[in-house]
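J.: Using the UniProt record's numbering, you'd call the opening residue of the sequence shown number 1 and step up by one each time.
These are computed hints drawn from the structure, not numbers from a lab.
From the three backbone atoms N, C-alpha and C, an ideal C-beta is built for every residue, glycine too.
Heads up, none of these hints are tricks.
Here are the simulated DSS-like cross-link-like pairs (lysine-lysine), alpha carbons at most 27 Å apart as the crow flies:
no., residue 1, residue 2
1, 102, 118
2, 30, 102
3, 72, 30
Computed spacing ranges between beta-carbons, pair by pair:
no., residue 1, residue 2, range
4, 41, 109, 17 to 23 Å
5, 115, 164, 19 to 25 Å
6, 61, 83, 36 to 42 Å
7, 158, 21, 46 to 52 Å
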Amino acid sequence: MSTLQPPRHPDTNLVITGHNTNGTTTILSKTQPESHPVGDGTHINPLFSSSTFPADISQTIISPPDLDDGNKGSFFTTYDIPPSYTGPQHRSVTIDHVIVTKGRVVLTLGDGARVELKEGDTVVQRGTMHAWSNESGEWARLVSVLMPARPISIGSGEELGAVWPF
Numbered sequence: 001m002s003t004l005q006p007p008r009h010p011d012t013n014l015v016i017t018g019h020n021t022n023g024t025t026t027i028l029s030k031t032q033p034e035s036h037p038v039g040d041g042t043h044i045n046p047l048f049s050s051s052t053f054p055a056d057i058s059q060t061i062i063s064p065p066d067l068d069d070g071n072k073g074s075f076f077t078t079y080d081i082p083p084s085y086t087g088p089q090h091r092s093v094t095i096d097h098v099i100v101t102k103g104r105v106v107l108t109l110g111d112g113a114r115v116e117l118k119e120g121d122t123v124v125q126r127g128t129m130h131a132w133s134n135e136s137g138e139w140a141r142l143v144s145v146l147m148p149a150r151p152i153s154i155g156s157g158e159e160l161g162a163v164w165p166f
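Full structure from sequences and hints, please.
T.: Right, dumping it as structure tokens:
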């Protein structure tokens, strides 16, 4: 007999505000973007990105989010982690502001250091090797904003670049 996994949290609503041609504030977009399975059981929902820093907020055309924008502007996303999941170690050359909005997760750094996080806990992830895990029986959700950073240079002068095992 198979064990059914609990349902994933519903995708989030996204409201984007701006100004019309007269300078009046307005809602430019109200949508519920669909998340995408990553292939390992997790789901990512790219909500918004900007390809420059500072962002050009004069545009009224909203482009689809692009993960690469986190390397030059910003990338805003949700990341859903299934129950009993252990993720791979990875690194981006970004500074990531992360909030646990649902459930509990474990952040494991490249040196094996672990920290358990619950709803409302936050992480500022500064280009380190890390992995996300969910040791509970319920789905967890992270909300993250990634912004570009300079690569870390270690003592030998070597720069620590991105590592993506996905």
